[in-house]
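Chains as they are written, first to last, in my numbering: chain A, 1 to 356; chain B, 1 to 356.
For the record, the hints were derived by calculation from the structure and aren't laboratory data.
Ideal placement from N, C-alpha and C gives every residue a C-beta, glycine not left out.
Fair warning: there could be bad hints in the mix.
Computed spacing ranges between beta-carbons, pair by pair [claimed, not checked]:
1. A:Gly43 - B:Pro15: 31 to 37 Å
2. A:Ile50 - B:Gly43: 54 to 60 Å
3. A:Leu346 - B:Asp109: 33 to 39 Å
4. A:Lys131 - B:Pro51: 45 to 51 Å
5. B:Ser183 - A:Gly340: 44 to 50 Å
Computed list of lysine to aspartate or glutamate pairs in EDC-like fashion (alpha-carbon distance at most 20 Å, straight line) [as the list claims (entries may be wrong)]:
6. B:Lys27 - A:Glu39
7. A:Lys213 - B:Glu101
8. A:Lys207 - B:Glu40
9. B:Lys27 - A:Glu40
10. B:Lys213 - A:Glu110
11. A:Lys207 - B:Glu39
12. A:Lys228 - B:Glu40
13. B:Lys207 - A:Glu40
Next come the chains, spelled out residue by residue.
Protein chains: 2
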Amino acid sequence: MYGSIRIEPNLHSKPLPNLDENLGFGKLFTNHMFMMDYEEGQGWHDPRIIPYGPISHDPAAMVFHYGQAVFEGMKAFRTENDEVVLFRPDQNAKRLNRSSERLSIPQMDEEFVVRAIQELVRVDAAWVPKKKGSSLYIRPFIIATEAILGVRPSMKYSFIIIMSPVDAYYDEGLQPINILVESYYARSVQGGTGNAKVAGNYAASLKAQTLAKEHNCAQVLWLDAIEKKYLEEVGSMNVFFKINGEVVTPSLSGSILEGITRGSIIHLLKEWGISVSERKISIDDIVQAHADGTLEEAFGTGTAAVVSPIGSLLWNGTPMVVNHGEIGQLVERLYTTITGIQCGKLPDTFDWLLKV
Amino acid sequence: MYGSIRIEPNLHSKPLPNLDENLGFGKLFTNHMFMMDYEEGQGWHDPRIIPYGPISHDPAAMVFHYGQAVFEGMKAFRTENDEVVLFRPDQNAKRLNRSSERLSIPQMDEEFVVRAIQELVRVDAAWVPKKKGSSLYIRPFIIATEAILGVRPSMKYSFIIIMSPVDAYYDEGLQPINILVESYYARSVQGGTGNAKVAGNYAASLKAQTLAKEHNCAQVLWLDAIEKKYLEEVGSMNVFFKINGEVVTPSLSGSILEGITRGSIIHLLKEWGISVSERKISIDDIVQAHADGTLEEAFGTGTAAVVSPIGSLLWNGTPMVVNHGEIGQLVERLYTTITGIQCGKLPDTFDWLLKV
Ligand SMILES: Cc1ncc(COP(=O)(O)O)c(C=O)c1O
Ligand SMILES: Cc1ncc(COP(=O)(O)O)c(C=O)c1O
């Protein structure tokens, strides 16, 4: 598929930084990147691993004007046995194709995408950090590159993968966050692009995120755009609640992203015999549960933080504190289990890891 | 403001093509472009007119990942006296700032933006075509250039202006188009970005546009995302109807773009003493008017085509033919008037033109 991956080593490699030091998130990049191009008639072609460096485009390239761009986010981990593994990369390849489909971007062979990721990680394997909780963040993305101003699907694309060593999201273990329930701005709506990982969704969310920060909140909890009532997701995370012993998460309404962490958590809960349901959850349900004292836990889930306990939800100017602002037992157990599997401390019972 | 505009002439200028020949839309670009950068702390700086050519970015530049990009579209015309004029450029500068505001992009001085456009057009004035109906399309746009993968507003941007000589939208005068009324896909929703000219809106619209083409329609007529009932706009145009002598257009609901052509048309109609109202218009209203025989005209309005008569609306599988599929009197008059003002054949009564 697409021919073999050509490797052009970076002759001006940066020295490996001290990966035990503060890495931040997505600031520092490895020495190589993967690239493959698409052209109408020719299909995807010329897969190559080349030195990390600037990419050059005509200023009329469609990505600059019409936002025809999709991406993925995933991680490689160094296990305790010093192996490098990927967490469910097949799921990311699948979702990438789903996102592409929504934006009229040509599909890619999913097995090839996984192989490309593996190859690239292999080339820069030294950049996968060892420190507990740290990892190599992998960012595959596709951009429309045809230089034409008519509004229609581009006939040229680049598929690129870049990688960045990142710290654990929470330096000192899990840390509850405050969340602003947003009722004015909308992230997405049925029939829109909210269930795809497309560039424009994130630009559209910036304004509300700034508002959240002004309210001393880490993220926004989006409500559905139609009734301004049903919970959708939290920033770049899906959201879960434990209410009266039952775990609930918003169903895939068509306007929220189907998180891979979300899927893994639902799977784990079922394995553990904990009742979990995907359904419509209104903000009123949460207010009620909070008032009743049955709102036991709340947390976000996503590749970046795995899980993020929610300490309080700011709604209509009033904070609803969850579990006294402390880390719940369930969120702790989920965190320990998933990160345990990722770093090889726990057995990979569900076949979630792929060796590089 | 921002210092004076430095000019670096293109020493490898392309020869001027024959502007009387087929130009297409947005394929061919002039010899220069305008560029200015922003950096947090420093503000907008280094305005310059430089040779048109590729721009280079780190693959982690935010525009590729999060779609933080806005743009404008406007035209320069060569009048019958061989003067070059811009049509209401102040309105585009204002809207650019409004779009930026929505995406957390720093504001720009609007007078400076107009001046930058004027200067650039002056440098490549030879590229403004003479042929009837043709013009120089001007595309100002802003992209987020900071190389970091965290989701937050970029701290670096480029503001760029490129220009492309374009043909009249309709080679042989106005031509009625077929429109598909789209009820599944959504372009935007209240609280979203539909009233801003942001890149992601256009990516989100591609899929429905492809559907329209499959139904032999030129464009999609969007319905509101909430009730799937109220008309919004048509592709890259606002929409107007003449029903029983009255002209109506959807009010600015928060999810449609405030077109500059729309504003000019409302102004003209009022000047002419023709009743025009901005209000909610449901698809049922149109079906009813069509059944009654009171649906006299329908047309789209935008910079590209000025006005576009709608010959038929495909709704629920059935086409509603408007005005026997012919060009209406009103749309013809509007077209003649606006293009007449633009090419200097009619007096610029409303001070819409700015000399370059
Ligand atoms: C909008 C949004 N929702 C949810 C998620 C969580 O998805 P995943 O668990 O696959 O990282 C992400 C991050 O990828 C996201 O961007
Ligand atoms: C979505 C959308 N609506 C309407 C318009 C019409 O606006 P204007 O008349 O300013 O060109 C445009 C084009 O600019 C557009 O992109």
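Status of the hints after comparison with the structure:
A beta carbon spacing of about 35 Å between Gly43 (chain A) and Pro15 (chain B) agrees with the range 31 to 37 Å that was offered as a hint. Remark: the range hint 54 to 60 Å for Ile50 (chain A) to Gly43 (chain B) is contradicted by a beta-carbon distance near 35 Å. The supplied range of 33 to 39 Å is broken by Leu346 (chain A) and Asp109 (chain B), whose beta-carbon atoms lie about 58 Å from each other. Remark: the range hint 45 to 51 Å for Lys131 (chain A) to Pro51 (chain B) is upheld by a beta-carbon distance near 47 Å.
Distance hint for Ser183 (chain B) and Gly340 (chain A): a CB-CB separation of about 48 Å, consistent with the stated range 44 to 50 Å. Restraint check for Lys27 (chain B) and Glu39 (chain A): the C-alpha separation of about 17 Å stays at or below 20 Å, so the hint holds. Proposed proximity of Lys213 (chain A) and Glu101 (chain B) is supported: the alpha carbons are some 17 Å apart, at most 20 Å. Of the pairs offered as hints, the one joining Lys207 (chain A) and Glu40 (chain B) holds, with about 17 Å between alpha carbons and a cut-off of 20 Å not exceeded.
The hinted pair formed by Lys27 (chain B) and Glu40 (chain A) meets the criterion: a straight-line CA distance of about 17 Å does not exceed 20 Å. Proposed proximity of Lys213 (chain B) and Glu110 (chain A) is contradicted: the alpha carbons are some 29 Å apart, above 20 Å. Note on Lys207 (chain A) and Glu39 (chain B): the hinted pairing holds, with a Cα-Cα distance of about 19 Å set against a maximum of 20 Å. Restraint check: the Cα-Cα separation between Lys228 (chain A) and Glu40 (chain B) comes to about 35 Å, which exceeds 20 Å; the hinted pair is violated.
Between Lys207 (chain B) and Glu40 (chain A) the alpha-carbon distance is near 17 Å, which keeps this suggested pair within the 20 Å criterion.
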